[in-house]
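Student: What follows is each chain in one-letter form.
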Amino acid sequence: MIGVLLLFAVAGLAGQAVDPAALSQQARQALAQGRYEAAAGLYRQLAAQLPHVAGLRMNLGLALFQGGSYREAAAELQTALKMDASLSPAYLLLGLCHAKLGEPASAIVPLERAVKADPNNGIAVLELGDAYYALGRYAPAVEQFRRLTALRPSDPLAWRGLGLSLTEQSQVLFGQLAPQSPEALTLLARARLASDEPKAAYALLRQALQKNPLFGPAHALLAELFQKTGHPDWAAAAQVKATPPSGPYAAIVAASEEALAALHRLAALGPSAALYETEAEAARARGAYPEAVAAWRKALALQPGQANLERGLARALFTVKEYEEALPLLTKHALEHELGEALLETGKPAAAIPHLLRATSLHAQAALGRAYLAADQPAKAIAPLRAALSVDADGSLHFQLARALQRTGAVAQYREMDRLSQQLRQKKAEQQQTIGSTEIAPL
Amino acid sequence: MKHALLRFLCLPLTVFGITFAPVPGPGFVLRHAPTEEKHLPATMAGGLAIFDYNNDGRPDLFFANGAELPSYRKSGPLYWNRLYRNDGNFRFTDVTEAAGLAGEGFAFGAAAADFDQDGHIDLFVPALPQSKLYRNQGDGTFREVALPPLGPWTVAAAWLDYDNDGRQDLFIVNYLQWSPANNPWCGDRSKKLRVYCHPRHFAATTNQLLRNQGDGTFSDISAASGLQKFPGKGMSASIADYDADGHLDIFVTNDGLPNSLFRNKGDGSFEETAFTAGVALPDRGLAISSMGTDFRDYDNDGKPDLLVTALAGESFPLFRNQGSGQFQEVTVQARLAPLVARKSGWGVVFADFDNDGRKDIFTANSHVNDRIRETSADSYELACSVFLNRDGKTFADATSGSPELAVAVAAHRGAAAADLDGDGRLDVVVTALGAPARIWRNTTRNSNRWAAVSAGVPLNATVTIGAQANTASSSVGYSSSVVGPVHFGLGTAEGEAVVKITAPGQPAKTGRVPARNSP
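Chains as they are written, first to last, in our numbering: chain E, 13 to 455; chain U, 6 to 524.
Errors might be hidden in some of the hints.
[As the list claims (entries may be wrong)] Covered stretches of chain U (in silico footprint by chain E; criterion: 3 or more residues with CB under 8 Å from a CB of chain E, positions within the stretch not fixed):
| # | region |
| --- | --- |
| 1 | 289-297 |
| 2 | 332-340 |
| 3 | 376-386 |
Hint data in this document are derived by calculation from the structure and do not stem from the laboratory.
Fair warning: this is a prediction, and the values are worked out from it, not measured in the lab.
Every residue, glycine too, gets a C-beta built ideally from N, C-alpha and C.
With the sequences and hints as input, model every part of the structure.
Tutor: Given below as structure tokens:
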């Protein structure tokens, strides 16, 4: 980072109490040697002596940033920019501080300024893309990552960012479609066909064409399906009714195809932490959890000790119930919910409770209730379980609450909760009915 | 060899309480006919029975065997069910042909009991396409007895005298509505990974109760008893009078559905009480792949408790009977949860393997999915487990005390325990898909004494010595069965032990048995 930024140098200011030029030199040396605390101290002295020199504030911000004091660094950088709004490196540093602090919304404006000042600064473009992505603003994220792939075609992070942003963008567009619309059903069919599930794809296409018999993209996909399943005559008949995609359907298809192409480019670059991280996330998304664990391990082998990769591995190990291996990483990164659940699952409900109390999600509340039940404290289980009921998709939380109520003698409430639990369980079972057994025939 | 030695040395040798060593098995190999079609029966075989078929005082072995799929044809001796006569000292003779028990169809297990009260133990064998009941004629041969229609897929059974008329009735566990014609493709097509379908792909079915008419025939009273109202996907059944009302109750493990507990109302009918009793689901509230079950008192409070085996990640829920018809899941409190978190189990036995007066646990482990390794960190073939009952409340993994057992991975299915060599220590017989059945000789060395109660013990009676209560149930684990003396470990107690036998519908009896030393 130091190499990227232009340090403001103090010169020709001899005659002060302590020679600022000498101090400046010492500070630059300290910074270069990685003695960030010392550098920050020296820049503080300089800033005190020369309070109107914005560049010194920026350097102080840089030293603090390098030392990991992001909040303090941000304050100094904001001061520097108030003093001199043209101090463009400070914008980038300030944006980086907010990114490190997990404040992408605050990072956007300074990063936009940094990119505007230097459109070819890859770090600024990457960070801005990441910030947009973190905020769910996928269209501007795509724009930044496209720019980055042009600037740095061999940077895995550029292709990863572009692939993920486009994937999310297509998901957002998909979510805007009516769930049972011909467009949505055809897109689902497209995904099933890509997964080599022609019967399921066919069933969805049939539904789509029942909604709109003239929906051309469905006919086009049907033709492709028939061709794949060895029915060229049916395929030819379907192709007659096919029309090219348009509107939101076309946009979604285009985004997902470009995403796939970007991720293929990422893979073509060869092994990188970004590639394995992407593989891990993709594996998790399709439920291939052991593959996710393997991918996180590969990523960490390339970048040992990197916090986000360790957190990814910890969560993946938790998901595959490798609790003993996950526990040190969960503890290290204070992933309270997962840590609490891991302790609970390894038979330590009393140890789990403090961690689950510190976690805030509704799923953590559910786990807290279960921990209290396992620790023979059913009365304490009731409140957190009740709080978590809104995330109960399968009746299990209602059941746990019913058990807590039963064990505390609240018979009427127990019966009502048990009834609701059974209703939800039944509903879930009905949802699990599969559509994959439909026989393929011409429509 | 060096590698194997290292594996032994790496095992946590912290518990030495129970030890088993392999002895040559009888030679039975469980043929389950696996194919790429993933016919569901192929992963469901493996029940066995231990009973003294010839009344020579030594427990004999019966193994159910598979058949070709999807034809269910036993195309040759490889697929025969097998009966092995125990000749003592772990020597066995195959008497299948002479006994007439080679059988037909794809058999899943066995349920043994003397249903006709002639002093000879008879045998029910659940199978596809048709289950069989064999009457022991007392001359070393068995003859088939007609039964009412069963099905669609009977996988296990349990004998009980549900109406206290002194005759053993037959509870039939039906699995689900699968057939070769209804065998969908399940798995990941993109990887060409076909697996056995989850039970949710098939419709549930109901269990059946056959009343013993006392004349060698049975009548199907499933409707009249109320059982027909409760569909499930049964895997195994265990029997006990859990609410101590003098009527035997039935617990059924369901695969992917809440378990069933059929409370015997004493008027010829049953009510389903699993939810109110707290055994339908583990405390997590999700239905699991419940497999085997055993229903015995592990904490010496006189009340039968329930243990269920399931798949990796589901735990093996232990339900403690708290009295008043209520159970509490205590898997975590009993310290079993972390020990079984990654295990998948089928057969399960509560038995006192070290004769210290507390029942331990043996589980026959394996995943149901032979390709599980391709989609998860779990393994298909696993070693069996032994859990030592430390204090009546908690368990410790004692498997490592038996190095050969700890590394003998296989697709285990059935398990049953009995004192095969008469040395006062309970041995274990296990089956595994596509592999030889194994006998694990109990080699535990301690000075604990034991007693065996056999005379005058009706099936499913509760036998107590001091605080210990044992149910003389023949059904155990996964589709398996044991009929024989009721075994007690007596710790260091000397002299004679006072025995109380309580059978539903009969006056309690008391007697004395000597506390015996093992060699």
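Student: Take the hints in turn and mark each one as holding or not.
Tutor: Here is how each hint holds up against the structure:
1. 289-297: holds (count 4)
2. 332-340: holds (count 4)
3. 376-386: holds (count 3)
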